[in-house]
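Take a look at the letters that make up each chain.
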Amino acid sequence: MSLPTWSLQALKFLVTLWLTISCVFVVSRLLPNANTPLGLADADLAVYGLSDAATLERVKADYRQRRGYHLPLFYVGLGARGSGLAEQLESPGSPDYPWAEAAVLRHGLEPTRQFRTQWHAWEQQASPEERSTLRSRLLTWAQAAETGQAVASFLQESATSASKTLLASWNALLQKRAPLHYHLPVLQWHGTDNLYHTWLGKILQGDLGASTLDYQPVLSKIGEAVGLSAMLGCLGLATALLVSYLAGMHLAQHPASLFAAVGRHFLYLLDSIPAFVITLGVFGLYLLLGGALDSPYLAAPGESSPFTPSLLLGGLCVALFLVPHLTLQFYGTLVHQNSQLYYRTALAKGLSSATVLRRHALPNALIPSLTLLSEVIIGLISGVLVVEVTFSLPGLGSLLVKSILAADYPTVVGITLLLLLFRLGVTQLTDLALALADPRIKSV
Amino acid sequence: MDIRQLAERISGKEKLALAWLFLFTAAAVIAQVQVGQGQQLLATPEAAYLPPFVSMDHPLGTDQLGRDVFLYLLHGCRTSWLLAIPPLLGATAMGIVAGTGAALLGNTGLRISVTRLLAGGMALTVLVYLLPVIKFWWQDWPTYLQIALSAAGALVLLRLLFSAKGPENKKKRKEIALPVDEALQKLIGVWASFPKLLLLLLLTLFTPFSVVSLMVWIAVTYWILPARVARAMVLQLRQEPYYETAQALGIPFWRTFTHYLWPSLQGTLLTNFCFAASGLLGIGSTLAYLGIGLPADVPSWGKMLATARFSLEAWWLIAFPALFLLTSIFSLQSLGHFFSSTSRSNSVTK
Amino acid sequence: MKKNCAISLSFFFIWLLSCSSPTQHPSIRVRLAQDPESLHPLSYGNATALQLLNLVYQSLLTVDIKDNSIQPLLAAGLPTVRRDDSSSYFTYQIRPEARWSNGSRVTAADVAFSLKLLHSPLLDNDRWRAQYSFIQNIQLSEDNPAVFTIVCSGYTPEMNLMTGDFFVLPAYQFDPKGVLASVPYSVIRQKFDSLAQTPAFKAYASFINHPALARDTALVKGSGPYQLTSWASGQALVLDKKPGWWAEKATTNRQALYANPSRLVFQVIPDQAAAVLALKARQVDLVDNLPLVAYQEMRKDQQYQAWYNFYSPSSYDLVFLGQNGRHPFLQDKQTRQALAYLVNIPQVINHLQGGLATPTVGLVHPQEKDYYHGKLAPLPYDPGKAKALLAAAGWRQTGSGWQKSIHGKPQTLALELLHRAGNTDFENFALLFQQNARAIGVPITLKAMESSQITDRLQSKEFDLYLRTLVGNPFSYNLIPMLHTSNSAQGGANVTSFGTPETDRLLEQIAREERKAEKGILLKQLQEKMREESNLVFLYFQQNKLAISKQIDSVVVSSLKPGYDLLRFTKQE
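Protein chains in written order, with numbering that gives the first Met the number 0: chain L, 0 to 443; chain E, 0 to 349; chain Z, 0 to 572.
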């Protein structure tokens with residue numbers, strides 16, 4: 000490949016990379032608990048040590064400030080014109096803002112302003128109970144888009160003169176209709192002081208950040224998981240490849256034998272068993288035969304082997320997932336070669352069928368198998384999630400799940416980057432291998 | 000290949016498989032009729048864990064909530080069917096359209112005049128800009144009117160963009176080529192590098208699960224393989240003399256597709272369909288195992304299996320759904336192998 | 000050749016597996032359902048981490064889960080309390096024997112440091128700042144380095160525990176440069192924002208927010224009996240008892256000072272079925288929260304009876320059905336009451352929970368005899384009554400469901416029930432509830448969601464009904480944050496908008512009241528009121544399902560988390 004085409008390819012890849020991780024970043028910032036501090040996500044779930052709403056809100060606001068989450072997410076944002084106008088009445092963080100926004104959007108700025116003045120005047124003379132009731136009814140009205148009956152009936156019941164004026168003002172508000180252009184979206188320019196800009200700047204400097212859960216730098220956190228996933232994958236894949244190769248060759252050489260027929264059916268069956276049944280089955284069998292769980296405290300420091308039982312069992316399960324598919328496909332392509340002209344020619348030349356299979360059919364059968372293999376390798380990461388869960392192996396799959404659930408966006412972005420690069424590497428390697436195996440194929 | 004030819008080649012195993020799938024579909028239809036009539040599985044916890052073959056009312060026993068296992072499995076047929084067949088049909092259709100389109104149009108085949116592209120873009124922007132106003136404006140109108148109006152609007156917009164004759168047609172126009180093929184390749188590249196299970200997890204964080212959302216998810220995840228297969232095969236086919244002849248004769252595209260491309264495509268796509276469907280049947284149980292899944296009131300074999308995995312005591316809660324699941328997967332796979340072998344021996348481009 | 004290959008491959012696997020064959024060790028092996036992720040004493044993220052941190056760090060007071068009594072741990076005794084109009088003063092003395100792991104004394108300065116840490120800017124201490132916002136100051140005694148007084152705003156009875164319930168951390172380890180020592184506590188609280196800008200605090204924040212403090216075996220060390228020996232992330236943790244732990248020399252108030260096991264091994268097994276398999280293969284000594292089916296099966300089995308003791312202590316985990324009092328359909332309390340009559344609690348407990356759950360009429364645990372409203376009859380399952388209540392709330396039963404005109408618009412009653420995905424108990428309950436509601440013509444849609452998503456919906460009040468677990472306790476009846484109307488605002492914990500002026504007054508009285516009899520009367524009134532309002536329909540307190548190896552003596556199981564007292568266990572060789 001010439002340098003210009005190569006650099007064009009590289010540039011395209013970089014653009015894809017940038018687009019993808021930007022999307023992942025934005026999406027992971029929108030996750031439900033992305034803006035709540037650790038331990039405060041389920042604040043309504045325990046009685047002990049609970050704080051009141053004001054304290055909780057204050058602490059959460061501090062947290063957002065500290066982490067920079069109070070900044071806008073992107074350079075530009077969209078908002079209705081009316082919402083912007085409502086900010087003249089109430090600041091966006093205040094508890095009455097939802098009411099002001101709804102009122103302005105539905106009935107216009109001026110009537111809302113008038114009612115608000117009346118309301119605050121009314122509050123001077125009302126009891127605390129009345130105040131909170133009216134406020135909660137107004138907020139309900141803002142949320143539920145109802146006709147405002149609840150507010151009116153409340154004001155009617157309390158027969159003071161202030162309430163009467165307020166009621167009149169309320170009815171006047173309801174009469175008016177906001178101009179349509181209040182609903183037009185307005186593009187807001189937030190400038191470079193936004194979350195995305197900061198994040199991208201760091202990424203460009205090669206700083207992936209640290210996990211929001213345990214301060215560990217993303218690279219080292221992912222590194223551990225990758226190491227484990229790679230071992231698991233390689234172990235499973237190597238075993239699966241060896242077994243599939245042997246089994247495929249055997250099936251192709253003795254297609255009519257009873258063993259081959261039984262074997263084929265067994266492989267079909269294995270292919271249909273759900274993954275978790277296989278893993279639990281293997282685990283149960285291992286424990287039944289007297290196997291022990293990982294015991295890190297037994298290994299003397301320095302001589303601990305990386306091949307813990309759970310890793311081996313996990314590798315075995317991965318192999319069991321892969322073997323049927325790989326073998327059957329490999330066998331299929333081998334059989335396919337039987338009908339090719341060159342195969343018959345070779346047989347006609349007097350070569351034994353085993354030799355023909357190995358010397359002539361095998362290289363041809365390898366090509367589709369290679370493509371399949373690259374798919375399998377890329378798919379391996381999600382395929383081993385069940386294995387990781389069952390054998391408590393902290394690999395890439397479970398790390399990604401955990402980070403998504405905890406809205407740990409630096410880790411999510413890091414893993415996405417890794418997956419994209421991994422995929423690129425595998426496809427490039429496959430192309431290379433294909434070109435080596437079959438000179439006819441040129442990379443297009 | 001026509002049906003008769005196929006029927007001759009079919010062996011006992013495939014017949015059994017077809018029969019099972021027929022039963023499976025029939026069960027799904029029956030369950031659908033029952034659901035349509037508002038009949039639901041009745042839970043009577045007092046009668047939980049009734050072993051099979053004991054009571055006439057519950058021939059296959061009852062589960063932990065006292066629901067009839069046979070009926071549950073029947074309703075599970077409906078869920079599995081709904082989650083496998085319609086989304087896969089959709090995915091295959093999407094894949095064929097995208098793959099064939101990409102292969103035939105390439106990077107230079109689709110040209111669109113700059114003016115029209117700009118006009119369309121402008122119209123869309125204005126529409127998006129006005130959307131909140133429109134929504135506010137017609138919020139009191141009945142729903143069907145809103146739907147009808149939106150559909151009409153969409154039609155007008157499409158017409159504007161892609162109509163054969165436009166006002167600017169007579170003028171000499173500037174055109175740009177849309178790189179359809181490359182766009183598809185890129186999309187596939189990015190889409191395929193995400194583990195599907197994890198995409199699903201991300202989805203669950205934003206919207207709660209339902210059969211419909213899962214169907215949509217499956218459709219948008221599974222279109223990649225058909226698209227690839229269709230693209231690769233069409234790329235090969237368009238080099239064939241008969242295709243070039245058809246082009247030269249000016250045979251309309253639709254006819255070219257049905258008579259020249261589809262016969263070669265169908266075998267591979269059917270194979271792919273069968274394998275994908277068999278994989279999908281299994282995925283439900285894996286999801287249930289990982290704790291993500293369908294709402295509690297949607298029965299599924301996989302969920303029954305995953306719930307019963309703690310103990311072998313209630314063996315019928317494992318054996319029967321496993322039997323249903325394995326038989327269905329097995330049938331689909333043997334059909335898949337059958338199609339793949341026939342398509343190979345039948346393909347025009349052998 | 001192929002055969003050889005295949006055989007050698009299988010031998011390879013078997014050899015590798017057998018290499019790691021087990022040898023017995025007298026350590027106690029406990030199953031954990033999740034990895035602790037972080038053992039940082041400020042920013043840890045889950046209950047597992049807290050359970051382990053409690054073995055490493057200590058607070059002034061603790062709760063002896065054997066009898067739910069408050070016991071001094073680092074403190075020499077319970078605090079002496081002095082109150083005036085606006086503040087209360089809790090004076091503690093630290094045990095003279097108390098030592099850090101480097102042998103130096105635990106002093107009042109360490110306590111002051113720990114309190115400052117809870118309120119320092121730029122740290123991930125948000126939940127502590129919220130929880131301990133009532134602590135105004137700490138005064139150190141001038142003549143005794145072990146004596147200090149904590150000043151709190153106002154007084155509530157649970158301050159007796161809360162003032163001594165934070166981890167006391169070694170200042171020499173967490174603040175070697177003495178950054179916090181130079182700034183008084185009250186200054187940290189008042190000048191929170193401006194201190195955040197100072198370079199000293201920025202440098203200190205990057206020191207504290209460091210992964211090493213969360214997992215390094217050399218740094219996860221406190222005054223507690225254990226230290227972290229090894230941690231294979233996601234797989235297992237080993238904690239070893241410190242040689243010559245200071246408490247062995249302590250002389251007074253020894254009830255809470257014990258640590259029998261010399262080594263604790265925590266196996267992380269996230270999957271329940273895998274945990275059951277490990278238990279059946281005797282790979283762990285203790286598994287809690289067993290799945291009901293497995294628990295019942297093993298309990299019946301002779302072999303497992305010989306290996307394990309089974310316990311099912313009641314916990315304070317209260318399962319309830321929440322109703323959004325702000326939703327137009329549910330604003331009328333009669334509608335909410337009607338839905339409460341659709342719950343068949345005896346059926347749920349007997350058949351879904353295998354009898355292993357404690358029914359309740361309110362949020363007080365029935366075993367709290369003084370406070371539990373025993374005379375309030377449990378709600379029966381009564382569809383007829385539910386229909387009558389719906390009719391009384393203005394709903395009319397028509398062919399297409401229950402209809403009512405709400406604020407001028409005709410509406411049909413149809414509700415959505417949120418529950419956590421993957422929780423079988425909730426799923427089953429939701430199904431039965433849906434079936435009961437369908438029988439009287441109320442359609443209910445079930446939505447399984449991730450926990451964070453439910454929280455989001457609850458906070459924004461976009462929900463109808465939801466199922467959740469509330470963790471109660473026997474010490475604190477300060478229910479204001481959860482039930483007071485002022486806390487139904489944005490961000491507050493009163494997500495169902497429960498409350499009337501009357502209940503607000505009741506809650507305020509309960510929070511202040513210290514006399515048992517009066518508190519009991521008030522709490523009973525509250526339970527009645529809550530029944531009437533029915534924003535929260537209380538279903539049952541869960542019972543923990545534990546299997547503990549028979550090799551372990553002096554087993555203590557409890558209603559309080561984590562449900563068993565590991566430190567009292569002794570294992571036979």
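Check before you lean on any hint, since a few could be wrong.
Ranges between beta-carbon positions, derived for each pair [claimed, not checked]:
id: 1; chain 1: Z; residue 1: 254; chain 2: L; residue 2: 233; range: 32 to 40 Å
id: 2; chain 1: L; residue 1: 258; chain 2: E; residue 2: 189; range: 39 to 47 Å
id: 3; chain 1: Z; residue 1: 438; chain 2: L; residue 2: 170; range: 42 to 50 Å
id: 4; chain 1: Z; residue 1: 402; chain 2: E; residue 2: 117; range: 24 to 32 Å
Hint data in this document are derived by calculation from the structure and do not stem from the laboratory.
Don't be surprised by glycine CBs; every beta carbon is placed ideally from N, CA and C.
For each hint, the structure was consulted:
no.: 1; hint: 254(Z) / 233(L): 32 to 40 Å; verdict: 54 Å, violated
no.: 2; hint: 258(L) / 189(E): 39 to 47 Å; verdict: 44 Å, holds
no.: 3; hint: 438(Z) / 170(L): 42 to 50 Å; verdict: 43 Å, holds
no.: 4; hint: 402(Z) / 117(E): 24 to 32 Å; verdict: 51 Å, violated
Violated hints, in rising order: 1, 4; the structure is consistent with all others.
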